[in-house]
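Asker: Take a look at the letters that make up each chain.
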Amino acid sequence: MIFGYLDAGSGSLILQAILGGLAGIAVAFKAWKARMMGKRAIAQAEKEAVSDETSVNSES
Amino acid sequence: MISADPGSFRDPASHVVFDGERVLRLLDDRGLEAWQQLESSTFFSNAVESGRLISTTQIDDVPDGAVGALQHPRIPFVSYPYEWTFSMLKDAALLQLDLLAEALAAGITIKDATPFNIQFVEGNPVFIDIGSFEKYRDGEPWIGYRQFTRQFLFPLMLRAWADLPFQPWLRGDMEGPTAGDMKQILSGGKRLKPSALMHVSLQARIEERMSGASVRSDLKDAGFSADLILANVRKLRSLIESMTWDHGVEGWSEYQSCDHVGRDRETKAEFLRGALARSNPKRVIDLGANDGYFSVIAAEGGSLAIAVDGYEPVLEELYRTGHGENIAIVVSELTNPSPAQGWAGQERPALMDRAKPDHVIAYGVIHHLIYTASIPPVTVLDWLRSFDAPTTLEFVSPDDEMVAKLTANKLELELHPGRSEADFRVLLDRNFSIRQEHALEGGTRVIFDLVPN
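First to last, the protein sequences are chains A and B.
First residue of the first sequence: 1, per our numbering; consecutive thereafter.
First residue of the second sequence: 1, per our numbering; consecutive thereafter.
Keep in mind the hints are simulated off the structure, nothing from the lab.
Among these hints, one or two may not hold up.
[What the hints assert, rightly or not] Cut-off 20 Å, straight-line C-alpha distance, at most; resulting in silico cross-link-like pairs (SDA-like, lysine to any residue): (1) B:K235 to A:K47; (2) B:K356 to B:S332; (3) B:K220 to A:G38; (4) B:K220 to A:K47; (5) A:K30 to B:T56; (6) A:K33 to B:E33; (7) B:K356 to B:K135; (8) A:K30 to B:E33; (9) A:K30 to B:M210; (10) B:K235 to A:G21; (11) B:K183 to A:A26; (12) B:K410 to B:K356; (13) A:K47 to A:K30; (14) A:K30 to B:D246; (15) B:K193 to A:I18; (16) B:K193 to B:L156; (17) B:K405 to B:Y311; (18) B:K135 to B:E33; (19) A:K30 to B:S225; (20) B:K190 to B:S214; (21) A:K33 to B:K190; (22) B:K190 to B:K135; (23) A:K33 to B:R209; (24) B:K405 to B:A389; (25) B:K282 to B:E21.
In this text the structure is predicted, and so the values were computed from the model without any measurement.
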């Protein structure tokens with residue numbers, strides 16, 4: 001990766017994919033989708049961790 | 001003795017220092033690697049040859065603490081975007097985009113996008129920050145896009161689409177307006193232009209929603225490529241090309257039609273040529289330069305003329321008509337010249353500290369300071385004396401037609417003493433010796449060739 005000393009702005013980075021035209025919109029959508037799925041996976045993992053903890057606590 | 005450039009510290013890979021008259025760029029490992037790739041590209045040699053990129057040579061005597069060192073020629077006069085006219089910023093923006101497009105084709109990117117990396121040399125924009133170039137890595141977006149919009153695109157929009165000067169904004173906030181600011185400023189019609197919808201409205205919204213999110217690897221994994229940057233750059237280029245500003249110089253045309261201007265112009269020009277021949281200056285500052293008529297005379301005599309005026313339209317005309325060679329154009333009010341600012345108050349030195357003239361032209365200006373800005377004559381002369389340089393000055397007496405206009409709504413008791421020719425001469429004698437003087441035809445103005453006491 002580039003070692004940027006500049007704050008590029010997350011939204012502005014996504015936006016420039018969109019500004020790249022149709023191919024870019026597809027890239028932006030894919031990146032957004034991956035991001036959403038990633039978030040969902042994290043949320044799911046957190047949920048499972050909480051439920052594990054609860055069951056451990058109730059067993060003890 | 002090496003001293004750091006107070007404006008070059010943000011990039012850890014590369015920074016500028018001064019070694020006497022030499023301008024050096026010191027590099028760390030990463031900076032050196034980037035330089036080696038840049039130097040070996042035809043992009044670099046073409047850009048330097050065409051005068052768009054500062055010439056650069058690697059030197060062997062690397063100062064302690066650096067891994068590599070480059071030498072650049074000294075920029076004759078450094079100016080800042082908040083001192084430029086509309087077309088100057090526009091040309092600088094186009095240069096930034098062109099260099100990025102050409103660099104990408106060579107597998108190199110520009111990691112930032114600020115007009116502070118561009119200087120005007122002999123009237124043309126030149127990119128000076130060699131440290132901004134580095135290897136383009138597949139899948140990386142253009143890191144400088146947001147900065148480009150804030151420091152180039154939005155200021156140009158301010159002028160072209162809202163007829164607002166961008167200089168006060170950039171001077172007050174060197175980072176430039178945000179997309180959110182622009183959304184507030186642009187009127188409904190302008191905000192609905194497709195380019196405004198994308199660069200302004202959408203950017204404002206998406207920035208608000210995604211603040212702090214890490215998206216670079218997501219974009220890379222999704223197939224982001226340099227082609228997308230190039231497509232964006234092409235569209236930005238044509239957008240900026242299409243931006244115009246009708247700078248209308250009505251005020252100036254009116255001024256030119258004043259009796260004293262046409263009548264005295266050649267006499268003042270001839271007098272100035274004589275004064276310049278006597279002082280043989282390298283750098284001349286033309287205070288209240290207006291259309292730059294006298295700056296051009298100084299430049300023709302071989303001096304670098306720094307043309308300073310607070311009225312952008314006349315300097316815009318000077319730039320557009322191509323009189324910029326050997327003339328540095330500065331939009332700045334004399335009553336409030338660009339101060340030292342930025343980090344530690346030192347990053348961007350004050351205009352008058354950068355100017356360092358060895359001759360001062362003060363034609364047609366001091367009556368505006370005395371009568372319009374209410375600066376006492378004694379203070380005006382102290383200020384002129386502070387340049388410590390030969391000075392060509394035009395004195396305008398209280399009986400002059402222009403002074404009558406300027407004081408139409410002022411009472412005598414609201415004016416400072418020292419305005420009459422006799423009083424003014426007393427003040428003049430305290431600061432300067434008169435080498436020559438000449439009474440202009442109308443009988444209310446005298447021009448002086450002065451040397452400081």
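Asker: State for each hint whether it applies.
Answerer: Cross-check of the supplied hints:
Using a Cα cut-off of 20 Å, the hinted pair K235 (chain B) and K47 (chain A) is violated, with the two alpha carbons roughly 45 Å apart. Among the hinted pairs, K356 (chain B) with S332 (chain B) is consistent with the structure: their alpha-carbon atoms are about 16 Å apart, no more than 20 Å. A threshold of 20 Å between alpha carbons decides the hint, and for K220 (chain B) with G38 (chain A) the separation of about 15 Å falls inside it, so the pair holds. As the CA atoms of K220 (chain B) and K47 (chain A) are separated by approximately 29 Å, the hinted pair breaks the 20 Å bound.
For the hint pairing K30 (chain A) with T56 (chain B), the CA-to-CA distance comes to about 42 Å; that exceeds 20 Å, so the pair is violated. Of the supplied pair hints, the one linking K33 (chain A) and E33 (chain B) is violated, its CA atoms being roughly 36 Å apart against a limit of 20 Å. Proximity of K356 (chain B) to K135 (chain B) is assessed by CA-CA distance (about 39 Å); at most 20 Å being required, the pair is judged violated. At most 20 Å may separate the alpha-carbon atoms for a hinted pair to count; K30 (chain A) and E33 (chain B) exceed this at roughly 33 Å.
Distance check on the hinted pair: K30 (chain A) and M210 (chain B) sit about 16 Å apart at the alpha-carbon level, within 20 Å; holds. Under the criterion of a C-alpha separation no larger than 20 Å, the hint pairing K235 (chain B) with G21 (chain A) is consistent with the structure, at around 10 Å. Distance hint between K183 (chain B) and A26 (chain A) is unfulfilled; the C-alpha atoms sit about 26 Å from each other, more than 20 Å. Distance restraint check for K410 (chain B) and K356 (chain B): the Cα-Cα separation of roughly 35 Å exceeds the 20 Å cut-off, and the hinted pair is therefore not satisfied.
Taken as a hint, the K47 (chain A) and K30 (chain A) pair is broken in the structure, with Cα atoms around 25 Å apart against an allowance of 20 Å. For the given pair, K30 (chain A) sits about 43 Å from D246 (chain B) by alpha-carbon distance, which is inconsistent with the 20 Å threshold. At roughly 16 Å between alpha-carbon atoms, K193 (chain B) and I18 (chain A) fall within 20 Å of each other, so this suggested pair holds. Between K193 (chain B) and L156 (chain B), the direct Cα distance comes to roughly 15 Å. Compliance with the 20 Å bound is thereby established for this hinted pair.
This hinted pair checks out: K405 (chain B) and Y311 (chain B) have alpha carbons roughly 19 Å apart, not beyond 20 Å. Proximity of K135 (chain B) to E33 (chain B) is assessed by CA-CA distance (about 9 Å); at most 20 Å being required, the pair is judged to hold. Only pairs whose Cα atoms come within 20 Å are accepted, and K30 (chain A) paired with S225 (chain B) is accepted, the gap being roughly 14 Å. Distance hint between K190 (chain B) and S214 (chain B) is unfulfilled; the C-alpha atoms sit about 32 Å from each other, more than 20 Å.
The hinted pair formed by K33 (chain A) and K190 (chain B) fails the criterion: a straight-line CA distance of about 32 Å is larger than 20 Å. Of the supplied pair hints, the one linking K190 (chain B) and K135 (chain B) is violated, its CA atoms being roughly 37 Å apart against a limit of 20 Å. With a C-alpha separation of about 15 Å, the suggested pair K33 (chain A) and R209 (chain B) falls inside the 20 Å cut-off, and the hint holds. Restraint check for K405 (chain B) and A389 (chain B): not satisfied, since their Cα atoms lie roughly 31 Å apart, outside the 20 Å limit.
At roughly 16 Å between alpha-carbon atoms, K282 (chain B) and E21 (chain B) fall within 20 Å of each other, so this suggested pair holds.
Hints 1, 4, 5, 6, 7, 8, 11, 12, 13, 14, 20, 21, 22, 24, counting from the list given before, are not met by this structure.
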